[in-house]
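Trainee: If you read the sequences in order, they're chains A and B.
Quick note on numbering that gives the first Met the number 0: the first sequence kicks off at 0 and runs consecutively.
Quick note on numbering that gives the first Met the number 0: the second sequence kicks off at 0 and runs consecutively.
It should be emphasised that the hints constitute simulated quantities derived from the structure, not laboratory data.
Misleading hints may appear alongside valid ones.
Treat identical chains as interchangeable: a pair holds within one or across any two.
Unchecked claim - Mimicking DSS-like on lysine-lysine, the simulated pairs with C-alpha atoms at most 30 angstroms apart in a straight line are:
no., residue 1, residue 2
1, Lys122, Lys325
2, Lys98, Lys356
3, Lys6, Lys238
4, Lys44, Lys161
5, Lys19, Lys207
6, Lys51, Lys325
7, Lys44, Lys284
8, Lys325, Lys44
There are 2 protein chains.
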Amino acid sequence: MSFDIPKGFLFSTIEAAIKKPGRKDIALMYSCADASMSGMFTTNKVKAAPVKLDMIKIKKGTGRAIIVNSGNANACTGKQGMKDAVEMTEIIANLMGLKRDQVYVCSTGVIGTPMPMERILPKIPELVKGIGKSTIQDAASAIMTTDTFPKIVSRKVSIGKKNIIISAICKGAGMICPNMATMLCFIMTDANIEKQALDASLISAVGKSFNRITIDGDMSTNDTVLIMANGQAGNPLIKNDSDDFRIFSSALTEVAYELSRLIVKDAEGASKLVEVEIVHAKSDKDAEKAAFSIANSLLVKTAIYGNDANWGRLMAALGYSGAAIKEEKTDIYLNKLQIAEHGLATGKDKEANDILKDDEIQILIDLNIGNGSAKVLTCDITEGYVRINAEYRT
Amino acid sequence: MSFDIPKGFLFSTIEAAIKKPGRKDIALMYSCADASMSGMFTTNKVKAAPVKLDMIKIKKGTGRAIIVNSGNANACTGKQGMKDAVEMTEIIANLMGLKRDQVYVCSTGVIGTPMPMERILPKIPELVKGIGKSTIQDAASAIMTTDTFPKIVSRKVSIGKKNIIISAICKGAGMICPNMATMLCFIMTDANIEKQALDASLISAVGKSFNRITIDGDMSTNDTVLIMANGQAGNPLIKNDSDDFRIFSSALTEVAYELSRLIVKDAEGASKLVEVEIVHAKSDKDAEKAAFSIANSLLVKTAIYGNDANWGRLMAALGYSGAAIKEEKTDIYLNKLQIAEHGLATGKDKEANDILKDDEIQILIDLNIGNGSAKVLTCDITEGYVRINAEYRT
Numbered sequence: 000m001s002f003d004i005p006k007g008f009l010f011s012t013i014e015a016a017i018k019k020p021g022r023k024d025i026a027l028m029y030s031c032a033d034a035s036m037s038g039m040f041t042t043n044k045v046k047a048a049p050v051k052l053d054m055i056k057i058k059k060g061t062g063r064a065i066i067v068n069s070g071n072a073n074a075c076t077g078k079q080g081m082k083d084a085v086e087m088t089e090i091i092a093n094l095m096g097l098k099r100d101q102v103y104v105c106s107t108g109v110i111g112t113p114m115p116m117e118r119i120l121p122k123i124p125e126l127v128k129g130i131g132k133s134t135i136q137d138a139a140s141a142i143m144t145t146d147t148f149p150k151i152v153s154r155k156v157s158i159g160k161k162n163i164i165i166s167a168i169c170k171g172a173g174m175i176c177p178n179m180a181t182m183l184c185f186i187m188t189d190a191n192i193e194k195q196a197l198d199a200s201l202i203s204a205v206g207k208s209f210n211r212i213t214i215d216g217d218m219s220t221n222d223t224v225l226i227m228a229n230g231q232a233g234n235p236l237i238k239n240d241s242d243d244f245r246i247f248s249s250a251l252t253e254v255a256y257e258l259s260r261l262i263v264k265d266a267e268g269a270s271k272l273v274e275v276e277i278v279h280a281k282s283d284k285d286a287e288k289a290a291f292s293i294a295n296s297l298l299v300k301t302a303i304y305g306n307d308a309n310w311g312r313l314m315a316a317l318g319y320s321g322a323a324i325k326e327e328k329t330d331i332y333l334n335k336l337q338i339a340e341h342g343l344a345t346g347k348d349k350e351a352n353d354i355l356k357d358d359e360i361q362i363l364i365d366l367n368i369g370n371g372s373a374k375v376l377t378c379d380i381t382e383g384y385v386r387i388n389a390e391y392r393t
Numbered sequence: 000m001s002f003d004i005p006k007g008f009l010f011s012t013i014e015a016a017i018k019k020p021g022r023k024d025i026a027l028m029y030s031c032a033d034a035s036m037s038g039m040f041t042t043n044k045v046k047a048a049p050v051k052l053d054m055i056k057i058k059k060g061t062g063r064a065i066i067v068n069s070g071n072a073n074a075c076t077g078k079q080g081m082k083d084a085v086e087m088t089e090i091i092a093n094l095m096g097l098k099r100d101q102v103y104v105c106s107t108g109v110i111g112t113p114m115p116m117e118r119i120l121p122k123i124p125e126l127v128k129g130i131g132k133s134t135i136q137d138a139a140s141a142i143m144t145t146d147t148f149p150k151i152v153s154r155k156v157s158i159g160k161k162n163i164i165i166s167a168i169c170k171g172a173g174m175i176c177p178n179m180a181t182m183l184c185f186i187m188t189d190a191n192i193e194k195q196a197l198d199a200s201l202i203s204a205v206g207k208s209f210n211r212i213t214i215d216g217d218m219s220t221n222d223t224v225l226i227m228a229n230g231q232a233g234n235p236l237i238k239n240d241s242d243d244f245r246i247f248s249s250a251l252t253e254v255a256y257e258l259s260r261l262i263v264k265d266a267e268g269a270s271k272l273v274e275v276e277i278v279h280a281k282s283d284k285d286a287e288k289a290a291f292s293i294a295n296s297l298l299v300k301t302a303i304y305g306n307d308a309n310w311g312r313l314m315a316a317l318g319y320s321g322a323a324i325k326e327e328k329t330d331i332y333l334n335k336l337q338i339a340e341h342g343l344a345t346g347k348d349k350e351a352n353d354i355l356k357d358d359e360i361q362i363l364i365d366l367n368i369g370n371g372s373a374k375v376l377t378c379d380i381t382e383g384y385v386r387i388n389a390e391y392r393t
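For reference, chain A alone in the conformation it holds in the complex:
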């Protein structure tokens, strides 16, 4: 597959054997011109060193390069971890003649183990020399941990008669819950857009995508979404709240939503993509509570895996979600087949079980008590999930 790449972005990847040898595990993304940057980070109180560092850098709002490693999260590594993160950005800045503020760093992998700087540092000159010799696919592969395929999405839109490209890569797999857990996402665009508008469009896109997926309810120490906009498309400046802003924003949301789907599809050991939609809740907030309660229920997820349309488990998860519900008003549909009406079985067990054999399932629940709604993406849980996560560090 080939992807449209925004103007002025180049890639490099190398193998530093961070966790073990045999694959490229460091990627460098480089913008030929100063780029506006926005970022969103994990809300976990335990934050990895690179997250803490990028949260400071992002305040200036510009950047030129991002170095990303897989294999080690550089989290729970104390002062040495912060020193290592700083050193990774400084060596890149020095070798490439960039300002230190303009180089970002992200890490993903095992928590609590010091970074193997003795293997990383000697490789950096090769990484810098290789700029432009790798593709976006190479970069997407280098940042993978337990992902089974690289995740890349591109969109092209026209603004002021100029073509603008948004390309993004991400890594996901397990430990994904509301707030983007163990998820790294790098979005590059050649749009010319003011910083305030870039911030607003990123917040909106993440709210409708990465913050609406859940794999196992865990939230990581390293989640980061960074966007770089280098203006090389030459379009008239996109200002906040303008028509152009809406065009850009909607394309960015599409990119983020598509990546979210890819993350859930590739969730560790999952076999099915499950969309949980709640309608007519008392409020949007209630709908969200109900949707996440179902999406995080192990009993629901194992029943889906087992092709068992055990809708009682859906009712139970609704009941403890904290959302207002009326049992006798609740309707439940699986891919449009009604399996519960006013809180009672419709007797369609056999057909419902057959529907669950699909690899994409939609659970629609009509609470019939208000106007709130929410949609959440999740997956089933399989023996494979347990196996992968039991053996992660071996």
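Go by the hints and put chain B onto chain A.
Mentor: Below, chain B alone, put in the same frame as chain A:
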């Protein structure tokens, strides 16, 4: 094994093939004299019909008999479900010459399927006739669902020179979270105790036992704890807040805690019992949040299953628990071996992994920021858990 049984309690069990034939699936517990009763019930908004019915009956505070079936939860069964629950208590009351108010009913099993009253009703006369012919073990076996062994605990204490016996049976297995999910527990005692004291001792015992265990974070529609105290021991009346009350209460808490351990030990597909203790949290509430966050983390539970002392997952779960924590003050111990000091690895990975091969693990986390503490019991998660719950209705 033989158990001390409180005076004046008799048991009967029969097979009604509620889910399928081949085992006894209805138990009747009977007190020869009027008993004081207290109860605690699921806080799930979706409540099974028998729960709703018992919540009304318990207001009178007395009882003589409890009929319990396994195989069908009589939940999400609408008006017919309530009619069926009422009928089960009325037919017992009629045949045994008891007041309707004094007969309670509990159900556990599949949700959303109507009760097979055509198989249950014809068997009730046999159940009543059999009173005294079954043991407490038979009753404990009849109420099992995916439990692999019956759960019975007895304690004897002396009050006013009289021996008082507290015996209890319960069923547990999956879907156990804070508030006693899919847990039925029946406690019988021959103590002579005033109603207010009985209520207080039950609330205290449940708070320190069943509400401190979690298997998978799900909470059921049917959880019920009922206690009957028939006064047959002939002790002077136990009044609230007296010394005798404290003796009784502490014995009751022991019984409930021991049953909680048995429930977690027998959790669906679990291989290890895990105690999570948090000390020096900012408050008890924070400690509880932190303990449950770890106890419910799938990534923690799978790592324990895999004998991988991946303490980074503990730090991550602390970080998103909502409790106040300071990464650089956090100490972590596995069965007394310190694996993290001030938020950093101690380098004891190998020894720690060996500890995880035990079937009882203690995780002790010292947050070093206050005086709050909490203890929660949980278990690991295995491929077996997924298998059992995927195939539950087949």
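Trainee: Work down the list of hints and note, for each, if the structure agrees.
Mentor: Hints and how they fare:
no.: 1; hint: Lys122 - Lys325; verdict: neither (61 angstroms within a copy, 34 angstroms between copies)
no.: 2; hint: Lys98 - Lys356; verdict: neither (54 angstroms within a copy, 50 angstroms between copies)
no.: 3; hint: Lys6 - Lys238; verdict: within (20 angstroms within a copy, 82 angstroms between copies)
no.: 4; hint: Lys44 - Lys161; verdict: neither (42 angstroms within a copy, 55 angstroms between copies)
no.: 5; hint: Lys19 - Lys207; verdict: neither (36 angstroms within a copy, 46 angstroms between copies)
no.: 6; hint: Lys51 - Lys325; verdict: between (44 angstroms within a copy, 15 angstroms between copies)
no.: 7; hint: Lys44 - Lys284; verdict: both (23 angstroms within a copy, 17 angstroms between copies)
no.: 8; hint: Lys325 - Lys44; verdict: between (36 angstroms within a copy, 8 angstroms between copies)
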